[in-house]
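My request is simple: use the sequences and hints to build the entire structure.
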Amino acid sequence: MLDQDLKDLWQNGQAYPRIQLNQDTLMQEVATHAEYMEEKIRKRDRREIWAALFLIPVSVGLAIWFPQPLVKLSWALTVVCCLFLIYQLKRGARHRVTNFSVPLDEYLHQYRLYLLEQIKMLRRVAFWYVLPFSGCQLLYFIGLGRDLPHLAINIVVVGIINYVIYRYNQKAVREDLQPLLEKVDQAIAALEAR
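For reference, each letter of the sequence shown is one residue, going -5 to 188 in this note's numbering.
Worth flagging that the hints you see were computed from the coordinates, not collected in a lab. Just to be clear, a hint being listed does not mean it is correct.
With a cut-off of at most 30 Å between alpha-carbon atoms, the simulated DSS-like pairs for lysine-lysine come out as follows [what the hints assert, rightly or not]:
#1 66 / 84
#2 34 / 165
#3 84 / 165
#4 114 / 34
#5 165 / 66
#6 34 / 177
#7 84 / 37
#8 165 / 177
#9 177 / 114
#10 37 / 165
#11 66 / 177
#12 114 / 165
#13 34 / 66
#14 84 / 177
#15 34 / 84
Per label pair, the in silico range of CB-to-CB distance [as the list claims (entries may be wrong)]:
#16 74 / 40: 36 to 46 Å
#17 93 / 19: 19 to 29 Å
#18 43 / 100: 26 to 36 Å
What you are looking at is a predicted structure, and each value in this text was computed from that prediction instead of being measured. Every residue gets a Cβ at the ideal spot worked out from N, C-alpha and C, and that includes glycine.
Written out as structure tokens, the structure is:
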């Protein structure tokens, strides 16, 4: 009897109903995760932009106040770095999904592009965030005429802070953005398989 059941099952391969993808449930799950991640990204961008906007007039004032040429240069370059930081954050947000009335597959492709842009930006954070500000800080410390032991301590402290910033951003990619991108890819694959 078991052999006959297996033969019937083999011959009637399409006898079982196909698994249906519930678009509403899928969209709700992706939208919930996307909304959470979008809020985190917006908060980060707002915090960084406000800090940069605060630092610009402070840097201009300090560039005027300090008499040493290297210190003046460091504060002037800090203004440039702040402007570049604002540009990078705005550029990273350019693929933000704003039209939620598009079909599900188009929404997912747009959101995937946005996540890829955020991942790319955070993976390169050392080049557009950490190194430029580190150069400014190094010029500042050198311009103050510190002796070698004090300069070494300042460099170590700045290095530790920059390492923490870099690792924090890589953790965000690894634990937040990458898993969400994988979930979006799975949803796209499930929709295209239908």
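Hints and how they fare:
no., hint, result
1, 66 / 84, "28 Å, holds"
2, 34 / 165, "14 Å, holds"
3, 84 / 165, "21 Å, holds"
4, 114 / 34, "17 Å, holds"
5, 165 / 66, "35 Å, violated"
6, 34 / 177, "18 Å, holds"
7, 84 / 37, "13 Å, holds"
8, 165 / 177, "18 Å, holds"
9, 177 / 114, "18 Å, holds"
10, 37 / 165, "17 Å, holds"
11, 66 / 177, "48 Å, violated"
12, 114 / 165, "13 Å, holds"
13, 34 / 66, "35 Å, violated"
14, 84 / 177, "25 Å, holds"
15, 34 / 84, "15 Å, holds"
16, 74 / 40: 36 to 46 Å, "21 Å, violated"
17, 93 / 19: 19 to 29 Å, "22 Å, holds"
18, 43 / 100: 26 to 36 Å, "29 Å, holds"
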